[in-house]
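2 protein chains.
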Amino acid sequence: MHHLPKVPTTEIENRLKKFQNHLQQSQLDGALITQNIDIYYLTGTMQNGVLFVPKDGEPRFYVKKSVARAEFEASVPVEEMGRMKELGQKIESRYGKVSRIGLETDVLPYGLAVRYLGMFPGAEPVDISFPLRLQRAVKSRYELDQLREAARRINDIILSLPEMIRPGMSELELTAAIEYRLRLQGNINIYRMRAYNQELALGMVASGKAAATPTYFDGPAGGLGLSTASPQSASHKALAPGEPILVDISTVVEGYLVDQTRLAVIGELEEDLVRAYEVSRNILKEVEQMGRPGVAWEELYLKSLEMAKEAGLSEHFMGYGKDQAKFLGHGVGLELDELPVLAKGFKQPLEEGMVIAIEPKFTFPGRGVVGIENTYLVTGSGLEAITFAPEEIVQIRAD
Amino acid sequence: MHHLPKVPTTEIENRLKKFQNHLQQSQLDGALITQNIDIYYLTGTMQNGVLFVPKDGEPRFYVKKSVARAEFEASVPVEEMGRMKELGQKIESRYGKVSRIGLETDVLPYGLAVRYLGMFPGAEPVDISFPLRLQRAVKSRYELDQLREAARRINDIILSLPEMIRPGMSELELTAAIEYRLRLQGNINIYRMRAYNQELALGMVASGKAAATPTYFDGPAGGLGLSTASPQSASHKALAPGEPILVDISTVVEGYLVDQTRLAVIGELEEDLVRAYEVSRNILKEVEQMGRPGVAWEELYLKSLEMAKEAGLSEHFMGYGKDQAKFLGHGVGLELDELPVLAKGFKQPLEEGMVIAIEPKFTFPGRGVVGIENTYLVTGSGLEAITFAPEEIVQIRAD
Numbered sequence: 001m002h003h004l005p006k007v008p009t010t011e012i013e014n015r016l017k018k019f020q021n022h023l024q025q026s027q028l029d030g031a032l033i034t035q036n037i038d039i040y041y042l043t044g045t046m047q048n049g050v051l052f053v054p055k056d057g058e059p060r061f062y063v064k065k066s067v068a069r070a071e072f073e074a075s076v077p078v079e080e081m082g083r084m085k086e087l088g089q090k091i092e093s094r095y096g097k098v099s100r101i102g103l104e105t106d107v108l109p110y111g112l113a114v115r116y117l118g119m120f121p122g123a124e125p126v127d128i129s130f131p132l133r134l135q136r137a138v139k140s141r142y143e144l145d146q147l148r149e150a151a152r153r154i155n156d157i158i159l160s161l162p163e164m165i166r167p168g169m170s171e172l173e174l175t176a177a178i179e180y181r182l183r184l185q186g187n188i189n190i191y192r193m194r195a196y197n198q199e200l201a202l203g204m205v206a207s208g209k210a211a212a213t214p215t216y217f218d219g220p221a222g223g224l225g226l227s228t229a230s231p232q233s234a235s236h237k238a239l240a241p242g243e244p245i246l247v248d249i250s251t252v253v254e255g256y257l258v259d260q261t262r263l264a265v266i267g268e269l270e271e272d273l274v275r276a277y278e279v280s281r282n283i284l285k286e287v288e289q290m291g292r293p294g295v296a297w298e299e300l301y302l303k304s305l306e307m308a309k310e311a312g313l314s315e316h317f318m319g320y321g322k323d324q325a326k327f328l329g330h331g332v333g334l335e336l337d338e339l340p341v342l343a344k345g346f347k348q349p350l351e352e353g354m355v356i357a358i359e360p361k362f363t364f365p366g367r368g369v370v371g372i373e374n375t376y377l378v379t380g381s382g383l384e385a386i387t388f389a390p391e392e393i394v395q396i397r398a399d
Numbered sequence: 001m002h003h004l005p006k007v008p009t010t011e012i013e014n015r016l017k018k019f020q021n022h023l024q025q026s027q028l029d030g031a032l033i034t035q036n037i038d039i040y041y042l043t044g045t046m047q048n049g050v051l052f053v054p055k056d057g058e059p060r061f062y063v064k065k066s067v068a069r070a071e072f073e074a075s076v077p078v079e080e081m082g083r084m085k086e087l088g089q090k091i092e093s094r095y096g097k098v099s100r101i102g103l104e105t106d107v108l109p110y111g112l113a114v115r116y117l118g119m120f121p122g123a124e125p126v127d128i129s130f131p132l133r134l135q136r137a138v139k140s141r142y143e144l145d146q147l148r149e150a151a152r153r154i155n156d157i158i159l160s161l162p163e164m165i166r167p168g169m170s171e172l173e174l175t176a177a178i179e180y181r182l183r184l185q186g187n188i189n190i191y192r193m194r195a196y197n198q199e200l201a202l203g204m205v206a207s208g209k210a211a212a213t214p215t216y217f218d219g220p221a222g223g224l225g226l227s228t229a230s231p232q233s234a235s236h237k238a239l240a241p242g243e244p245i246l247v248d249i250s251t252v253v254e255g256y257l258v259d260q261t262r263l264a265v266i267g268e269l270e271e272d273l274v275r276a277y278e279v280s281r282n283i284l285k286e287v288e289q290m291g292r293p294g295v296a297w298e299e300l301y302l303k304s305l306e307m308a309k310e311a312g313l314s315e316h317f318m319g320y321g322k323d324q325a326k327f328l329g330h331g332v333g334l335e336l337d338e339l340p341v342l343a344k345g346f347k348q349p350l351e352e353g354m355v356i357a358i359e360p361k362f363t364f365p366g367r368g369v370v371g372i373e374n375t376y377l378v379t380g381s382g383l384e385a386i387t388f389a390p391e392e393i394v395q396i397r398a399d
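Line order of the protein sequences matches chains A and B. With the UniProt record's numbering, the residue at position 90 of the first sequence is 90, and numbering never jumps. With the UniProt record's numbering, the residue at position 203 of the second sequence is 203, and numbering never jumps.
The hints are simulated quantities; they were obtained by calculation from the structure and are not laboratory data. Virtual Cβ for every residue (Gly too), placed ideally from N, Cα, C. Hints are all accurate, no fakes.
With a cut-off of at most 27 Å between alpha-carbon atoms, the simulated BS3-like pairs for lysine-lysine come out as follows:
hint, chain 1, residue 1, chain 2, residue 2
1, A, 322, B, 85
2, B, 17, B, 97
3, B, 347, B, 309
4, B, 85, A, 326
5, B, 326, B, 285
6, B, 209, A, 64
7, A, 209, B, 6
8, A, 347, A, 322
9, A, 85, B, 326
10, A, 347, A, 309
Calculated Cβ distances over 10 Å to all of chain A for the following chain B residues:
hint, residue
11, 9
12, 118
13, 119
14, 161
15, 163
16, 168
17, 271
18, 309
19, 353
20, 396
21, 397
Here chain B is said to cover these stretches of chain A; the calculated rule only asks that three of the stretch's residues, wherever they fall, bring their Cβ under 8 Å from a Cβ of chain B:
hint, segment
22, 1-7
23, 67-75
24, 93-106
25, 109-119
26, 178-188
27, 196-205
Looking at chain A on its own, in the form it has when it is part of the complex (with noise of 0.2 Å):
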């Protein structure tokens, strides 16, 4: 069929075994999975269908289409789903009853919810979103592999950034620059999201005031965008001298994202917003000791509330006013905006293994946004970045 790399049969082996775990603690008879990215992680295709894990034995992969491609590329038994009607009795009569189902209630579309559900007369809906998304957020090494091969792509779009940065181009000319070098190296150009209505180009390549501007994105920065049509990010403006360069970036290398952002300016920043960048520094670098297992997700947050309050720039901190965003970072993975959520509220502990991007920014309307944000993979002994671009502010010269 092809030679792209499969993922590994051990990996889909053990994340079934972990998925099924949880199942059978939380008395599921099984889980009907349908999202294209879960499906993929518990399969190893990304084939249209719908898997059916039970609680216990094998899982089974009915498919729509394509049957063929399914079946070389998963790590599962494949069958041709055939009529969507029969798929309920299709799963009872191989594996029993089906009472309690678990479901992916925060993508799965409110119709095909009615008529899956209707597939199992009776069967009660279990949300299966957070814990798989609690599972998916702790890393293999197969999976590190794929997210330091990311991360060595973006930083070298960093280390270019001299020779790309001309005074006068506008961020759009710039962020073509950027997804041009990233696309030759086999990026896919989608960039992930779970969450409903998000969606992202390459990440946030924005300066001075148009970085500013707020917008419907679930992030620190918004930026002014193209159109009232996709009101995010790079703009028509030109990059001009004094000004802060968000450059807020990611790849994709197997399906696996990375975060990572830097900060440019063509000639000199202005001493205020050189300061704010600092206090961003200090702020990661003090979370960066704080995070190790065990610890909950929202202190690294309101640590670094506390610290923007120090430094007198509370207002300014994830943006300006009415619209901060509320968290210091998230995890990252097959989506851009895993587990865990470093956000008040979250006091669930972090695991060895997990992988998070933290993003201290300051907003300053009509200026522009400066910040930093590295990936970090939790471990024994604490964090470690994966993203290892230099921190200094990238400098241009202005002639």
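Guided by the hints, dock chain B onto chain A, whose structure is given.
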């Protein structure tokens, strides 16, 4: 706030009026619009919130982020959403008891739908997506202007193919070069699809055997892709002489997409593939003549099946064997998979103002995909092409 073009207020007023007519005819008290594209269509802004459209009177956009930007961009009243649990009360105290409520059941996640329904105790949910999509299928002059500009941009790409394609370059390299040019013209690099789990970057730029690799994507051509985690479209395969090179591309102007496919070859294409390409052109010309207001959507598809059969190419039409797509075309606009759908069972009539991409294609396993695609406007007197690149096979010199 900014100088980006806004959607004209008269557009929004006309759209809301038409939508409220539907609400009245369907005896709905109102609709809760939650998806970013539908919100943009009915308000002119894509900020984060939910739009309540009552069956009559003024709608209201309850915004989470950014309220300031929504107020600036929207042609409807904007209010800060506040606590979600109080939203139902807010709406009912303004508009009265909500007993039958429209929801976008094809995209709204189950968990969110349950929360929203909980805000209106006893309310009956009714799908509002299909009628809203049907309304969106008919384009205004403003919308056609955006589509025509998009058509100009992808025409430029086709005209540039002889200088862009070099023997030995990979599908990915060609894709990156096309994307770079489109990006500099303002393409947002996000290709919106409504269907669950469908995603796309640029379109389908693929050649020979790789193009004919079956995959999940609900289209006539699949493509090998760059990884099992993105199993479609361009791969690392080199463009080789004598193979069909499918250039199925799109670009976005003020949110609007058109769709166009042309065929290129380095050197000469084998005779039977040239013949299959001619059959696809003949099908296109034939359905061009058939398409007019009042004709059922499925009729165009059924005609194409008949013509593929007459040519002895049934098994190759719109994919090969079991992996055939079961349609001939689809609407385009703010999303790439709009109504109408030219497929069996859709007996609804074409209406003046609808915009359809029609894409007869033939797949030859191990050899490639040939075919053509234009985007058309349904006028009172028949179909009028919006895309207009030359339809001959683009010949690239092999040396």
